[in-house]
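J.: Chain by chain, the residues run as shown.
Protein chains: 2
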Amino acid sequence: MSNNKPRAIVLSVGTELTEGIILNSHLQYLSSCLNRLGFMVIRGIQIPDILGVFKAELGRAAEECSLIIVTGGLGPTSDDLTREAIAEAAGTELVFQQSIWEDLKKRYSGQKIAETNRKQAYIPQGFKILKNPVGSAPGFYGRINKSLIIALPGPPGELEAMYTSGVERLIENLFSLTVEQVLTGTAMLIPESRLEEELQKCPGRSVTWGTRVTDDRIAFYLRGGSEEERKAVFSCLQESFGSLYIRRGDVEPAQLLSRALRSQGLKIALAESCTGGLLGKWLTDLPGSSDIFWGGVTAYSIQAKIDLLGIDNRLVAEYGAVSSETAAAMTEAILKHCQADVGLAVTGIAGPGGGTAQKPVGTVWISFKWGDRKPLCRLFQFHGSRDQIRRKTAVAAFLLAESELKG
Amino acid sequence: MSNNKPRAIVLSVGTELTEGIILNSHLQYLSSCLNRLGFMVIRGIQIPDILGVFKAELGRAAEECSLIIVTGGLGPTSDDLTREAIAEAAGTELVFQQSIWEDLKKRYSGQKIAETNRKQAYIPQGFKILKNPVGSAPGFYGRINKSLIIALPGPPGELEAMYTSGVERLIENLFSLTVEQVLTGTAMLIPESRLEEELQKCPGRSVTWGTRVTDDRIAFYLRGGSEEERKAVFSCLQESFGSLYIRRGDVEPAQLLSRALRSQGLKIALAESCTGGLLGKWLTDLPGSSDIFWGGVTAYSIQAKIDLLGIDNRLVAEYGAVSSETAAAMTEAILKHCQADVGLAVTGIAGPGGGTAQKPVGTVWISFKWGDRKPLCRLFQFHGSRDQIRRKTAVAAFLLAESELKG
Numbered sequence: 095m096s097n098n099k100p101r102a103i104v105l106s107v108g109t110e111l112t113e114g115i116i117l118n119s120h121l122q123y124l125s126s127c128l129n130r131l132g133f134m135v136i137r138g139i140q141i142p143d144i145l146g147v148f149k150a151e152l153g154r155a156a157e158e159c160s161l162i163i164v165t166g167g168l169g170p171t172s173d174d175l176t177r178e179a180i181a182e183a184a185g186t187e188l189v190f191q192q193s194i195w196e197d198l199k200k201r202y203s204g205q206k207i208a209e210t211n212r213k214q215a216y217i218p219q220g221f222k223i224l225k226n227p228v229g230s231a232p233g234f235y236g237r238i239n240k241s242l243i244i245a246l247p248g249p250p251g252e253l254e255a256m257y258t259s260g261v262e263r264l265i266e267n268l269f270s271l272t273v274e275q276v277l278t279g280t281a282m283l284i285p286e287s288r289l290e291e292e293l294q295k296c297p298g299r300s301v302t303w304g305t306r307v308t309d310d311r312i313a314f315y316l317r318g319g320s321e322e323e324r325k326a327v328f329s330c331l332q333e334s335f336g337s338l339y340i341r342r343g344d345v346e347p348a349q350l351l352s353r354a355l356r357s358q359g360l361k362i363a364l365a366e367s368c369t370g371g372l373l374g375k376w377l378t379d380l381p382g383s384s385d386i387f388w389g390g391v392t393a394y395s396i397q398a399k400i401d402l403l404g405i406d407n408r409l410v411a412e413y414g415a416v417s418s419e420t421a422a423a424m425t426e427a428i429l430k431h432c433q434a435d436v437g438l439a440v441t442g443i444a445g446p447g448g449g450t451a452q453k454p455v456g457t458v459w460i461s462f463k464w465g466d467r468k469p470l471c472r473l474f475q476f477h478g479s480r481d482q483i484r485r486k487t488a489v490a491a492f493l494l495a496e497s498e499l500k501g
Numbered sequence: 095m096s097n098n099k100p101r102a103i104v105l106s107v108g109t110e111l112t113e114g115i116i117l118n119s120h121l122q123y124l125s126s127c128l129n130r131l132g133f134m135v136i137r138g139i140q141i142p143d144i145l146g147v148f149k150a151e152l153g154r155a156a157e158e159c160s161l162i163i164v165t166g167g168l169g170p171t172s173d174d175l176t177r178e179a180i181a182e183a184a185g186t187e188l189v190f191q192q193s194i195w196e197d198l199k200k201r202y203s204g205q206k207i208a209e210t211n212r213k214q215a216y217i218p219q220g221f222k223i224l225k226n227p228v229g230s231a232p233g234f235y236g237r238i239n240k241s242l243i244i245a246l247p248g249p250p251g252e253l254e255a256m257y258t259s260g261v262e263r264l265i266e267n268l269f270s271l272t273v274e275q276v277l278t279g280t281a282m283l284i285p286e287s288r289l290e291e292e293l294q295k296c297p298g299r300s301v302t303w304g305t306r307v308t309d310d311r312i313a314f315y316l317r318g319g320s321e322e323e324r325k326a327v328f329s330c331l332q333e334s335f336g337s338l339y340i341r342r343g344d345v346e347p348a349q350l351l352s353r354a355l356r357s358q359g360l361k362i363a364l365a366e367s368c369t370g371g372l373l374g375k376w377l378t379d380l381p382g383s384s385d386i387f388w389g390g391v392t393a394y395s396i397q398a399k400i401d402l403l404g405i406d407n408r409l410v411a412e413y414g415a416v417s418s419e420t421a422a423a424m425t426e427a428i429l430k431h432c433q434a435d436v437g438l439a440v441t442g443i444a445g446p447g448g449g450t451a452q453k454p455v456g457t458v459w460i461s462f463k464w465g466d467r468k469p470l471c472r473l474f475q476f477h478g479s480r481d482q483i484r485r486k487t488a489v490a491a492f493l494l495a496e497s498e499l500k501g
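Residue numbers (our numbering), protein chains in the order written: chain R, 95 to 501; chain V, 95 to 501.
These are computed hints drawn from the structure, not numbers from a lab.
Careful, some of the hints might be misleading.
Pairs count within a copy or across copies, as identical chains cannot be separated in the list.
[What the hints assert, rightly or not] Here are the computed lysine-lysine pairs in the PhoX-like style, where the Cα-Cα straight-line distance is at most 25 Å:
#, residue 1, residue 2
1, K222, K468
2, K200, K222
3, K199, K453
4, K213, K295
5, K199, K295
6, K240, K99
7, K453, K200
8, K325, K222
9, K295, K240
10, K225, K200
11, K295, K225
12, K295, K468
13, K500, K99
14, K295, K99
Chain R on its own, in the form it takes in the complex:
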């Protein structure tokens, strides 16, 4: 992380945030915007509606960074303190702005404007107005010492409309910024520690990395060095872990499978056991999934495998519900019962109970079948909690199906 980047702080105000009543989406939204512009966001903060706390944060921020964005506290009520706090931190007074008042009256045309709204027409002396195209509270900007401070309203729709319609350009103009090149990738079914170990071994000494770990995957970001160096590090990871598990871009397994199906105009049917519906849930999280998802059977109990899929009970008795034979029979069966082009089946032991010495918790068979071809079956041994094993099963199933579809 380079230290010659301009530094920024995002400060959100509202007791509803610090009491945990609402989720603060501004910290992410503005951090992401500022990061893209080339800022290093050194702090995102949320504080209650307390004037003393607010002034202390502003004073500290103005000493540490060149840009402060304040969100919230611009409404008409007594706990909306942003105008007062910024005026006091800047050592100035609030002044009435006739143009804001006229705009407010226009916005309330037909309704009676409350006298408390007059408060919204005041901004700190020497500050400039930022028009709000979608709400009643305008924003404003100015300086506290050398820091640029921009105050934006709290409602996310208003904040984002103001940011994109003018604030971004304002920041670009007031700072001269260079945009950093980043290579983004996704690692799936690889523990963070193993990924880190490999990254340390890969060439490209001037390339640095960051990761973002979610339940289902790790997104990683290669920065610094030349484009060739970043690509070399990425290729090195693919060689170590296989190109099934290391992908370009920040991608989700369901997206990858969905794209592969869509590009070939194919529909998939599912036969799920231990995942209980998770594969179907993930595929149908994506809007428009009816183009690629036909439907499926959740054959959770052995009896369901027999009754719903029509699997021979002697086969299950001989090989067990968790076996390549049963997995293959599940894809055969689902394709026989439905009009999908490809079938995907999973059967395994998600735990915490149900494991044996031969088939411990985490044993999972995945089967994929395309049209009349022979089913492909793969054994996986996953570790972790019930939830983790089920998620890993879904990730592995989607990656396996996608790679088969892509040949």
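Dock chain V against chain R, hints included.
T.: The following block gives chain V in isolation, referenced to the frame of chain R:
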């Protein structure tokens, strides 16, 4: 906001937060929890993985509050700085904890544990270990001057599991909080603003409330007043919204349905359309769900309703896939094909596309059938995003089924 409350600060660490790559849900979760325990959260902060910034925040926080919760930075990689930062801020060293190392090795049993994981076995001298029941990184707690500092891992599943399984009780004990008598309830399918409106109208002037809003429900906490007064407020809510949607305790819909099935020794089969597997996923999130879940069909496409469930295509053509007739036929069909005791079916329009003037996005039919009885069908009109509509559908289906099972 009373000023004699103990003060708390939540500090989240991770460059993925300050670069806006991920949303910080911990600030809301922990603020809500701490608020419920009686703390005033004076600041929620997110900072990048920079040791200097981290130490400065810890030092400042320790002067201002009696409880600091740090989230993230406990992984095995070089940008996981929480151990070092807290040790330095506490003026102590990191010490290797054999017991953590043994636990880590156990957790990785069968896999090769990476040498970088050793790092996770160090905690600041004099600090105590907080076991992590679901992940590899343990937490720890101790003091910087007079402030209690608790370090928890970043993955939300791990953090929440640790908080509820022990951290909350630890805080209660160490602060000898005069634990208020609280009546806890859960509101489902009710917007927060409507809940708040009704709470204001209900009797019991000395009863106050707090809420914790998640994707699927609102937990609410009634405090103050006498037990009778709190119960009266709860009854008032039940009268306003119906006892289907207002429940005692902090409960999840899948738990409620699972308990009702288990207590009567019944198994359920599902026929899902717009939810694509979500109902099955939720039911099978619970360990031991094979006692109550038989299996199901995800009839996402119309053809799947016909081929997999055997629904008459003339019925679908006449009434549409989203109709009480189709919903009823889905429960009839799933019970015919399987050996479950009760059937639950959902069919609806989750959006964003597919809505019409007559059946807008959010139109959902839910059908429940118990043995030979006539199917019960209910129409719902939900609002929100695709994800919200699907979640609300699952909540409504589970509540409806549970209430029918309980008579």
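J.: State for each hint whether it applies.
T.: A quick look at each hint next to the structure:
{"no.": "1", "hint": "K222 <-> K468", "verdict": "neither (59 Å within a copy, 56 Å between copies)"}
{"no.": "2", "hint": "K200 <-> K222", "verdict": "within (20 Å within a copy, 61 Å between copies)"}
{"no.": "3", "hint": "K199 <-> K453", "verdict": "between (56 Å within a copy, 21 Å between copies)"}
{"no.": "4", "hint": "K213 <-> K295", "verdict": "between (55 Å within a copy, 18 Å between copies)"}
{"no.": "5", "hint": "K199 <-> K295", "verdict": "between (56 Å within a copy, 23 Å between copies)"}
{"no.": "6", "hint": "K240 <-> K99", "verdict": "within (16 Å within a copy, 36 Å between copies)"}
{"no.": "7", "hint": "K453 <-> K200", "verdict": "between (54 Å within a copy, 18 Å between copies)"}
{"no.": "8", "hint": "K325 <-> K222", "verdict": "neither (40 Å within a copy, 43 Å between copies)"}
{"no.": "9", "hint": "K295 <-> K240", "verdict": "neither (42 Å within a copy, 43 Å between copies)"}
{"no.": "10", "hint": "K225 <-> K200", "verdict": "within (13 Å within a copy, 59 Å between copies)"}
{"no.": "11", "hint": "K295 <-> K225", "verdict": "neither (44 Å within a copy, 32 Å between copies)"}
{"no.": "12", "hint": "K295 <-> K468", "verdict": "neither (39 Å within a copy, 66 Å between copies)"}
{"no.": "13", "hint": "K500 <-> K99", "verdict": "neither (42 Å within a copy, 60 Å between copies)"}
{"no.": "14", "hint": "K295 <-> K99", "verdict": "neither (27 Å within a copy, 51 Å between copies)"}
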